[in-house]
Structure formats: C-alpha cells, structure tokens
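Residue numbers (this note's numbering), protein chains in the order written: chain A, 1 to 577; chain B, 1 to 180; chain C, 1 to 554.
Honestly, the hints are just simulated from the structure, not real lab data. Note that CB positions come from ideal geometry on N, CA and C, so glycine has one too. Careful: at least some of the hints might be erroneous.
[To be verified] Which residues of chain C face chain B? A few of them, derived with a C-beta cut under 8 Å, are: (1) LEU17; (2) GLU22; (3) LYS25; (4) PRO200; (5) PHE203; (6) TYR240; (7) ALA279; (8) GLU295; (9) THR355; (10) PHE446; (11) PHE448.
[Unchecked claim] Derived coverage of chain C by chain A (criterion: at least 3 residues anywhere in the stretch with Cβ under 8 Å from a Cβ of chain A; other residues may be distant): (12) 133–143; (13) 484–494; (14) 497–506; (15) 512–522.
[What the hints assert, rightly or not] With a straight-line Cα cutoff of 25 Å, these simulated DSS-like cross-link-like pairs (lysine-lysine) come out: (16) A/LYS3 with C/LYS18; (17) A/LYS58 with C/LYS18; (18) A/LYS160 with A/LYS129; (19) A/LYS55 with C/LYS18; (20) B/LYS101 with B/LYS125; (21) C/LYS489 with A/LYS58; (22) C/LYS304 with A/LYS160; (23) C/LYS347 with B/LYS169; (24) C/LYS489 with A/LYS129; (25) C/LYS489 with B/LYS169; (26) B/LYS169 with B/LYS60; (27) C/LYS347 with A/LYS58; (28) A/LYS559 with A/LYS545; (29) A/LYS537 with A/LYS439.
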Amino acid sequence: MAKVTLTIDGRKVEAERGMTVLEAARLAGINIPTLCYLENLNAIGACRVCVVEVKGAKALQASCVLPVAEGMEVWTNSRAVRASRRTTVELLLSDHPTECTTCIRNGTCELQALAESLGIRRVRFEGEKHGGVPDESSPSIVRDNAKCVLCRRCVAVCEKVQSVKAIGPQERGFETAIAPPFELPLADSVCVNCGQCTLVCPTGALHEHDDSELVWAALADPGKHVVVQTAPATRVTVGEMFGMPPGSVVTGKMVAALRRLGFDRVFDTDFTADLTIIEEGYELVHRLQEGGVLPMITSCSPGWIKFIETFFPDMLPNLSTCKSPQQMFGALAKTYYARKVGIDPADIFVVSIMPCTAKKFEARRPEMTDSGYPDIDAVLTTRELGRMLKEAGVVFDALPEEPYDDPLGVSTGAGAIFGATGGVMEAALRTAYEVVTGKTLPALDFQSVRGMEGIKEATVNLDGTELRVVVAHTLGNARKVLEAVRVDPGRYHFIEIMACPGGCIGGGGQPIPTTDEIRKKRIEAIYRVDRDMPLRKSHDNPVIKVLYQEFLGEPNSHKAHELLHTHYQPRYQYAQL
Amino acid sequence: MGKASLEVTRGAAACGCAARTAAGNAREASPQDMARVREIISRLRDRTAPLLPILQAIQKEMGWISEEAMVEVAEALGMHPSQVYGVTTFYTLFATGPKGKHVIRVCASAPCHVPGAGAVLEALKKALGVEVGETTPDGKFTLELTSCIGVCGVAPAIMIDDQVYGNLKPADIGAILARY
Amino acid sequence: MLYRAHVLVCNGTNCSLKASPEIQKEFSRLLPEYGLDKEVKVVETGCFGLCEYGPTVVVFPDGTFYSGVKVSDVREIVSEHLYKGRVVKRLLYQVPPAAKPVQVYPEVDYFRHQVRVVLRNCGFIDPESIEEYIARGGYQALGKALTAMTPAQVVEEIKASGLRGRGGAGFPTGLKWQFAARADGSGPKYVVCNADEGEPGTFKDRLILEGDPHAVLEGMALAGYAVGAHQGYVYIRGEYVLSIERLERAIAQAREMGLLGKNILGSGFDFDVEIRLGAGAYVCGEETALFESLEGGRGEPRIKPPYPTDAGLFGRPTVINNVETLANVPVIIERGASWFRTLGTQKTPGTKVFTLTGDIVNAGLIEVPMGITLREIIYNIGGGIPNGRQFKLAQTGGTSGGVIPPELLDVPMDYDSLAAHGSALGSGALLIIDDSHCIVDVAKSFSFFFLHESCGKCTPCREGTLQLHRIMERISRGEATRTDLENMKALAQAMYVAPLCPLGQTAPLPLMSTFRWFESEYLAHVVGKTCPAGVCPVDGTAARAAAGCAAREV
C-alpha cells in the first residue's frame, strides 16, 4: 500500500492511500466524533457530525468519506468545526424527544453520549418533532421513529448485510422517514425480526420488544412453576451488560443470577441443542440414504426461517423439519418434564434467555403449540436479562458460579458451539461421523467451518462417503448460497445457515455494541466453553439417552416428530395487497 | 407540493382535516388496472435505468401509482418494494393515492409570490372550497402548491395538469375553472 | 420556394399562453384570402424574449416588430402591412405609452442592448425544422470538428474560449471536458445535459430548448466527440412539456439526417441522445443528485469526490453541462475561441442569458455580454420599474442567490463581482422587487422554498431549513425576539459550511443577504412589531386567523 503524508491538527500523519481522514486521524490518536458512520457498514457523510476543515475547501468535509491525499491539511477541532458540529447536534436534539431518563437506550445512546461529549447544555432551536407514535406491531422489534436521527445504519444493515430491505428512506426533507413501504406496520412487512437494526441503531428508535414485565409477573405468581432456559450464546455475552470484557465466559454466574431472580428451575438450551443434533443428524442420514431432498438446510435460526419462507419458499422442502432448540425445549418442558415432576403443564411458565429478537416471533408461531400449550411463554434477549438483573440489584460480578438444574441442564460442548457460525455444522459432523461410520472421531475440531468468513465450504470424508457442506452467516450470504443451489442443486449435501453475522453470538438481542472485533472474542469464548466440557459430542449426552429411553423412543420417532419437528409455509412478500 | 408539504400534512393533522385519511381509504378501495401497469412495464423495462420512466408512465396514464403497481414494478425490475416506494415518495410529481380529475399546482416561489400568488391561491381556495392538499368533494380538482415551474415571465402562474396559466389575477380564476 | 416576406409568430410558452397558436392559425387562414399564401410564409418560432409584451410578431425582411398582438389584429396586419405595405402603427412597441413607437425590433431598447449568441436563433427560426437550423449555420461546427479537428483540439478550443458553466457554479467548461477526456476510458463515458431548471425565476433553459433545440444537441455531440462519449442524456424537468416535445422532434430529425446516431457525417463517430424526465425535485439540479435520479433512485446528492468526470452517471466518467453552456459550444467551435473572448469580460468571456422577472416593465429573456451592470439591465433593457414605484432590490441567481440593494446597482454582472457582494450570478435569474414589498415577506418565500426542496439526507439542511423557515414565520408574525435573530445568524454560519451539498449550503444565503441590506426592516418586525410595507400580519390577528389550518400562506 502506498503511503501518503497529511497534516492533521498541525501534526504530520502518515496514512495508507485509500484511507479516509477519519481512519487516519483515529490511527494518529485523534478522535473525531461520528454519528451516522459505522465501520465496515455505513459511510455516507449524512449526519455531518464528523466534519473537518480542509485547507482549500470552501465547505467543511465529512471525514468519514474523505479520502486522504498527499499534502492535505486538516483541522478536526477548529472554531468553525466546533461551531458547526455543535449546531448540527443541537439541530438533531431540536427534533428529538428529550425523554432520556425513560428511554430504553438511556446510558447506551450514542446521541446522548455525543451531546455529553460536546458539552451541550442548551438547545437554541425548538421546533416540531417528526415521528409520531411507536410501531409496536412486531413481537420482536419496536420502531419509534420519533427518536430516529436518519443515520440509515439500519437501512444499511437490512440491505447490505441481510439483503432483506424491509425498511428504507421514504418521503423527503423534514418528512423523510425510515420505514417499511406503504405505511405498513413492521409486523406486516418482510422484516425477518433478526434485530440487527437494533444493534446498529445509535438511539432508541429501533429496539427489542421488552417482555420483562411478563416475566416479572410470572415470577411473582405463586401458582406458576417458572423455568428458564439459556441459549448457548448468552453465556459468553451477559457479562458485557455489566462491564465485563467481551469474551468473558459467565455460565455459572448467569445461572446463579437467574436463581436470584426467582426462577424455579434453571435449564440450558444447550441440552436441546444436543437433542437437535441427534434429530437433525438422523434426518440428514435418512435423507442421504433414502434419497430425500438435498441439500438439507439447518432450521435453528428463526430470522432465517422467515427469510426462506418469504424469499425462497420453493426451497422450504430443503429445510430440516427440526424445530429450533428453543422450541424443542418448550415442547419437552411442558410434556416430558411436566410429567416427570408431576406438575400440570398449564402451571408451567417457560422463559427463554436468547441472543435473538426473532426468537420472540418464533415463540408466537402457531406451529409452536405441540405440547398443547404455547411451548414458550416469554422470550427475553440478553439485553432484557441484563436490565432485569440491574433492576433486581444483582451484583453480577460478585456472584458465585452455580450449576444448571437437572435434568434439562445437562449438555455437551457440541450444544455450546451452536452459538457461533459453523457450530451447528461442527456439532452435527461430530455425531454424523460416528453414527455413519461407527468409529470414534479422531479429531473433534472442524477448523474449516469456524470463523468469520461469510461462506465456508468444506468436504468431509465419512469413511469413504464425501459429504459436501457449506456454512453461511448473514442472510445476504444465505441468499448467495441458495441462489447457487438453485443453479446447481447437487452442489452440497448439508447447509448451515445462521441469520446474524458471526452466528448467535452476534444476534440482534445481544449487548450493544456488537462489532466484528467483539464477535470474534465471543466466538473464541464459545470454543473455550466447548473445549472445557467433559463431553463434546451430542450423542454422548447421558440425559439425551435417558430421554429417548423414557419418552421419545428413538431419533425421528413418531413422538419425536409430533413434538420436535414442524413444517413451515410459504409467505407472500406483500400478501395483504 | 402536495404530499411532501410540511404545511399540508401538519396542517391537516392539526385541524383534523381528513385529506390524508380519505386518500388512504380510497387507495385500498380502487385497485388499479394491473393489465395496463404490466403493459407499461413490458414496454419500458428494457431501457437503461427504467424505474423512473415506468413510474412516470404509470403516473401519466393512470393519474397515480398504487401499491399493487409498485409491487409489480419492483418484481419486474428485481427490486424491493421498499426501494420503489422510497423513490416514488421522493418526487412531487408522483402520487401514491388517487387525486382529483385535474390537479391544480400553484407556484409558491418568489417570482410568483412577489406579484401576488398568495391572492391567487386564496381565490382558488375560495372558489374550490378546499385547502391546499385537498380534493373537491366532486373529485374534480386537487389543489397543491409547487415550487417554481419555470414560467416566471408570466408570473403569477399555475398549472392545471399540463396546461400553464400565467399573469393571473384573482378575478381570472372563475373563468379558468369554468373550462374544466 | 422563395417567399417575399416571413411572419415570425412567437410560440414560446409565455406567448402561447396568450393565444399565439390562434394568431398563427389566423394568419394561415387569412393569407390565402388575400392571395398571399404563396408569397408570405408564417413561421412559428421559439421565444423572442420580450415576454411581457407578447404575443410578438415580427415581419421580415423589414424586421417590423409588433407586440401585444391579438387574434383580432391579424386581419389588419395582413391587409395593411403584408398586402398594402403599410405598417400598422398602433401595434408597434410603444413603452411607456407616451414614448415614440419603434418600428423595427433592433431599435427597441430591449433588443438594442442585447448580444445574442446563445439566443442567436431563438425567435428567428422554426424550432421544429432542422432545415432552418442548418440554413443558419447549424451543425457546421460539428462537421468542422469531425472532419478537421481532433478531440483534443476541440477541448483546447473550449478551454481557450474561457467558457464557464452557465448553470450557476461557473466552472471552466474546457477543464471539465479535459478531465473527462483523460479519465478512465476502459468503459463508456457519458455526456449529460442538465435541463432540470428548477431555480425560481429561471426559465432560460426552457426557452432555449423550445426555441433552438438543435443548438443544444449539437453542443452535446461536440462534447461527446471531445471526451470520447457515445451516449448523451438530457435530464429535463417533467413540467417542461413543450421543450420535451421540441427536443424529441429535434432528436428524431437529427437521427434521420445522420447528425446523431451511428457514424455521424461518415466520420466514424457515434453519438446518440436520450431524454429523461425529472419528477419534481429541485435538488436534482445538483449534478450528483441528477445522476442518482437518472439511474432510477431517490435524488439525493452523492459525496464528492469522486467528481463526475471520474465517476458520474452509472459510475462512469461524465461531462455534465447546463443547457446554456452547451448552446454556446457550436458557436465557439465555428467562430473560434478568440472571437468568443471579444465578448464579456477577461475572467468571464461571452454572454449571459438572464431572465427578468418581478417588478420590471419588460419581463422576459435577455442575452447580454458578461460584465454589464445591473443598472443597464434594469433601466436600459428592462424599461425600469413600473407603476411609478422605486427599485428596492434585485435578487440575482434565483432563490439561492443574494440580493442587490439600490446602492449596488452599478455592480458588473459576472461571477466574481457578484460573489464579492455576497450574491451570485447563478442561473441568471433576476427578480426585481419594488418598494411596495416587505423584505421579510419576500425572504419567507425563500426559506419556504428550501424547506420544501431539502432532500432530507443530511442533518444541517433537513433540520436547519425547517428552523430557518420557522424563524422567518415568527418574524413575519411579529413573534420573534432578538434571540431568534442571533440564532438565525449562528445557524446560517453553520449551514454555509456544514451540509452535504450546495442546496443546504446556499439555503441561508438569501436570508442573510436580505438581513445584511435591510436589517432595519427586520428590526421593525422584531423590535417595533410593525411591518413598514404593511404586508406582514405582525399584529397577530391575521396570523391567528390563519392558524386554524397552520401556516398555509404562500
């Protein structure tokens, strides 16, 4: 890379050609505030917060989109720059509800932080506010356009990363709004509820639908037996809600914390992740041996499910019929577990702690009542759990490490890695290899399906049989893989898809911020959890064996199908028209 | 200035005017002739960057662009409806709901304002009995504001559909409306 | 066929609104009655310029100029002038009414001070006839370039002429072409004619396209040859119905004659032009917003760099020029850069087309050498201020320009002189305002314009244009305080430099310019709670009465 030298605030700075002034300044230890900019996602120069003065230019320039040039002279903190920046932020605040104390993003809001760092104590401008009433139609995501600063990060993530394009800019000028088309409520749009927009929204304009009140009510109800399950990815992220560094493994503390909140039993979604591997593994083997529809595609990620229903309905037969681990857990909790402990399933209240906003939508699907009740009663994201623990005064850091309850708390490392992209594939391969070959797997780690690369292909030798697999995360990459399969259906046997970047550790319900760097640390932590588990293959899970003996019979049995499998239906993109 | 006008939307909300709601209802009540929309699409889809020409043709031939039409256009061009809707609502010459048989656009820019566009607008409001952004009860006229239409040589000016009327005085309005 | 006389009936939009098509029909009906249909030809022309006194009729060869002609006057012109050779004196241009009537158009003050380069054919040819354009030397420049000049020589000639963009920014055209010519040639390049004329008070591009569409097409073809582009687009306002029609016909004619399309004039050079219509967005006049719109998107401006000559339309090197700029090109190639430099000023050679509107006797389209003073335009060409009123201010460059008060009437009209006084030459719009108007009321129409036309992408423009307009409304209603004025000034300072594109950067300019020259009138509203011109509802009663449906006043 060719180097250029420029002057920033009077200091000579060396930068690579092609870099922006913002990047060069940050490398040189000069912080230029930003709002609409988000690394690797959104650089559109729209908010005008990152403006700098450039010698020879009449107007200020947005540093996030300004390429460095040899000999360029830049001031990031001149009087004109400060005056402009301050006016711009005041203008944003003039059109923003001043309800910070009751806002869901109080303390994590970037506009709040910006106003604080610029020392804005008074807003000179007042005027009408845009936005109107919040759209709470979706069980997953609330859209509160009054708080929207039109940074368009959500549009970028929905379009560029997820290829969903549920929302976009419409109207113009002061009337500009980011919304689904045709004034549709979000619930009636093609939104797949992945919640990536809530991770990138700098304010409270897009946030998870908060269900904590439902859970508080159940916990306070003496007639309810309240059980909770924790998704694989949550154990490596909840700590971030309490200032712990990304990548902290807090499984035991999280279990203890949930007990402090008053849950009657603390169980683990990793248990049903193991169960999913058995059911899905046998389904794959069956399809391979009996000439079923191939490639088979995983079905754990509810954002992905709505995506395929909406955009690739013709490929629904490729989807594994397995419910997701969350839903398998609910179905078992209100049948197998209820019978085992002798509690009327009507009195059991099942809560999920999930890294995911789409899980809220999944729990409300009509398909998810095979126990005779709603299999899941409430879904909380990692963020909601963090806030509940704060409200309850739980000092997370100081908690002891506690184990999960029996029996639905027993799991293997294969269940844990469900939280990262490639994890379901790796867990499935560990089991499929041994089921198909009858031999013990020599090396457990399938490095080729791990990591942040968007589409990872691998070929696995199952004792002479070549299994061609591919792993994709983000729906944009999922779209690419599906389009490739449409052209060449024989290209793969088995496909893992997770809707969110990095997999569930990067889910839409995870702590803010969630950046690629943070995702990598969470992934490393997930594999540490796996490494440190005594059992690392799903079919070695002793409780799973008991479950089949006592209740389900055998993998893919009639009973298993009744409770643990389902079929999804095509959705029309704009069915109401 | 119609749909994008701050004044109009906010004014309507403030005084409970029913313009927007009425348009909303009508929008669902009158599905467009999709065969014509498809014909327009097939006629223009092979042009370079065909979206605007297609929307312009639909607007011209049908008077407005329905949601069904936008979905159809999006599918034909491999775009998403949210993109087509975003483009449609950006431009003032596109209508996303039905309007009156004739659309009256009153220029509100300075060269028309100075020689008395305000009085002409008042005369139109009085003659039609509607406010800006509204349609007469008989569905004949919709009254809108517009930015400069480039006939400042004969200011103040209005456009009724494609026809320009210039050098207007409030007294001229009656005779002009009588032509429609 | 040879004719003894030609009758030119102006059919520009402004005249056609006053029944010029009927006048033309009446001539065609009456000429045979007098046995003159073989001797006299009626020609429907584009705008002649003196729109205020339209419809205009000019009889050649003598050049007799009739203004304010009605259908009922046609018989007299035919029977007296064309049949008997006696000029119809009562229809001659006579302004003010007591003045001596002027018989031939070059002697009318309005035309006497003009130098017509861009408008060389407007009003003199039938714009629907390519033959008439060719008969007046049309397409000779293209022929000369294709046969006797290299593309680099064409670029050099335009550079040497000192031609600057007539859309408002005044960027040297030759330099722009040079950048595009040298840009990456691995794929297509484009020539775009910016005919999205939205600046309030500007209608020159419309009248050029209506009156002489081939001149623009020839300019585009020359640009294409110079930079190596084979496709041109004209992006024109959807409202310009007649211009679009004329342009469509002109393109078809040029293609038919091999002046557009493949292998133009057998030279091996291919160039074609397609028309694209705007859909109602002032911001699309900004070049990168225009590209977005032409590509089928929301007309939101792009970040620069990259500049259009590197990555413009469809991401390819693009020359984008204004209509008037392109109409200058064929004459420069034909007559040479040194001839062009004899017109106008050293820094801004050539002429400028202005559109005169507002409180002026001769409203219309004029073309004068760069550097002429505002006083000359208003009083010599424009005929001064009507109704015995006094000149109060002129807004130059349209709504995004500044204002010129009486004490600056002798400012030369060119890019740099006007900029030095905080105004702009811009698109050439000249809005003349007399002393019956209130500065606050006028400025409020400026702020409303920007509020309505902001695209909404960047914060300072989206939110700032709203704040500016709300402050202007408060001043107008007598509700503003001195703090409002301070805030407006501070906001303006930030808006000059903070927004993403020129629309937002310009929005505060007209307001601040009125404030600079008419501060006392602002203070009368803010402090004295009076409107000296008696226009604004400062006492609050009118405002409250109108508040029933919020701020609907224009």
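Would you check chain A against the region 497–506 of chain C, counting CB to CB pairs closer than 8 Å, and say if three or more residues qualify?
-> Coverage by chain A holds for the region 497–506 of chain C (5 residues, Cβ < 8 Å).
Interface restraint verdict for C/PRO200 against chain B (beta-carbon cut-off 8 Å) | holds, 4 Å
Agreement of hint C/PHE203 with chain B interface, Cβ distance less than 8 Å | Holds. Min distance 4 Å.
Is the straight-line distance between the alpha-carbon of A/LYS160 and that of A/LYS129 25 Å or less?
-> violated, 29 Å
Close enough to count: is the Cβ of C/PHE446 nearer than 8 Å to one in chain B?
-> Holds, about 6 Å.
Verdict on chain A covering the region 484–494 of chain C, criterion of 3 CB contacts below 8 Å = With 5 residues in contact (Cβ-Cβ under 8 Å with chain A), the coverage given for the region 484–494 of chain C holds.
Pair hint outcome, C/LYS347 versus B/LYS169 [Cα-Cα no greater than 25 Å] = violated, 43 Å
Straight-line Cα separation of C/LYS489 and A/LYS58 no greater than 25 Å?
-> This hinted pair holds, its Cα atoms lying about 19 Å apart.
For the pair supplied as a hint, C/LYS347 and A/LYS58, confirm whether the alpha-carbon distance does not exceed 25 Å.
-> holds, 20 Å
When the least beta-carbon distance from C/PHE448 to chain B is tested against 8 Å, hint result = holds, 7 Å
Taking only the CA atoms, is the gap from B/LYS169 to B/LYS60 under or equal to 25 Å?
-> violated, 29 Å
Examine the region 512–522 of chain C: at least three residues should have C-beta closer than 8 Å to a C-beta of chain A.
-> Coverage by chain A is violated here, the residue count being 0 at a Cβ distance below 8 Å.
Checked against the numbered hints above, the structure breaks hints 2, 3, 12, 15, 16, 17, 18, 19, 23, 25, 26 and satisfies the rest.
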